[in-house]
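Student: Sequence:
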Amino acid sequence: MYSHPNILWLYALITTLISPTLALPTLPTTNPSSTSTVFQFTRNGTWLENLAVRPNGSLLATRLDVPELWLIDPANTNTAEAGSLFYTFPNATSLLGITEIDRDVYAVVVGNFSISTVTSTPGSYAIWRLDASGSAAPSASILARIPEAEFPNGIARFGQNLLLITDSAKGVIWRLDMTSGVYSQALSDASMLPAAGQPYAVGVNGIDVRGKYVYYTSTTQMLFCRVPVNSGASATGPVEVLTSGITPDDFMLGSNGTAYISTNPDNGLVRVDPKGRVKLVAGNQFTIAVGGSTAVAGNKDGSVLYVTTSGGQFSPILGKLIEPAKVVAIHL
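Reminder that position 42 of the sequence shown reads as 42 in our numbering, one-by-one numbering, no gaps.
Since the hints were derived computationally from the structure, they do not count as laboratory data.
Hints may contain errors.
Said to hold, decoys possible - Pairs of lysine-lysine residues, derived as DSSO-like cross-links and limited to a Cα-Cα distance of at most 30 Å, are as follows:
{"hint": "1", "residue 1": "LYS212", "residue 2": "LYS279"}
{"hint": "2", "residue 1": "LYS300", "residue 2": "LYS212"}
{"hint": "3", "residue 1": "LYS300", "residue 2": "LYS279"}
{"hint": "4", "residue 1": "LYS275", "residue 2": "LYS320"}
Claimed, not checked - Label pairs and their calculated CB-CB ranges:
{"hint": "5", "residue 1": "ASP301", "residue 2": "THR88", "range": "30 to 36 Å"}
{"hint": "6", "residue 1": "LYS320", "residue 2": "ASN56", "range": "38 to 44 Å"}
{"hint": "7", "residue 1": "ASP301", "residue 2": "LYS279", "range": "40 to 46 Å"}
{"hint": "8", "residue 1": "SER84", "residue 2": "SER114", "range": "24 to 30 Å"}
{"hint": "9", "residue 1": "VAL241", "residue 2": "GLY197", "range": "15 to 21 Å"}
{"hint": "10", "residue 1": "PRO228", "residue 2": "THR258", "range": "16 to 22 Å"}
{"hint": "11", "residue 1": "GLU81", "residue 2": "GLY237", "range": "48 to 54 Å"}
Glycine included, every Cβ here is placed at the ideal spot set by N, Cα and C.
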């Protein structure tokens, strides 16, 4: 199951250097949570990037290593059979963010990204609409291409007709009108830019909307922030840093304002309360439990979190252990 990925040794070293040294094991922890594997691939090198919870409780998970969307059934107790290929997107190598825009209808970020070189292909990305609401096979069509985008990553619905898409390399958040296909830059701030002097350009990453605020993570700057916005998703005030010092990827917001944040290079999942206090929920740099955690989503009543992983590819456990990508259930 485990292997020693020579091509990623350098990145493992780098992420150790840019992350707080062994930070996650020293964080305060929540009460022990029960974790279980819902589904796992059989091959190293697989990468689950993001996920959405369907109305029926099943999961749709995007893959970064191939342009595939997978259907995961948490009710299936056979971890080898709980996942199946749901849809393959043409003319692309990778899928990134996914968000529900109508009942069982989703917007998906599709484009070209190389895991081995950790590089995005600017201009290759489109936002697709995937309809899974019928009894027939899912159908998909392009909502818009964004040729100016360098590395579209996270995506969130804003109001009735807008999508917000983070651009991790450019350090901006795009606004897309789903009816007209017109797009523009909605938000930009120094906190969204990739950190200076880092080998990989990953700035603003995960995104969510709550009330009059847009929340986002900024990976290499190690920030979790929010910014107040108006009905058109333009900023109405300054950015507020909610917490810092973690290496955040994607996240979800709970009903009480608590955020659950995946920390891909640190192989963990942390909880940030509304006052910015950070506690470790699962994983750390010494365990493969949620190795390479990439995204998190909750079930309907919030009692279970589902975490997608990359198998620890970017920061192997103890510098050498990786595994196939998986979905983990964390019972709160």
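Student: State the violated hints by number, sorted upward, taking the hints as numbered earlier in the document.
Tutor: Of the numbered hints, 4, 7 do not hold.
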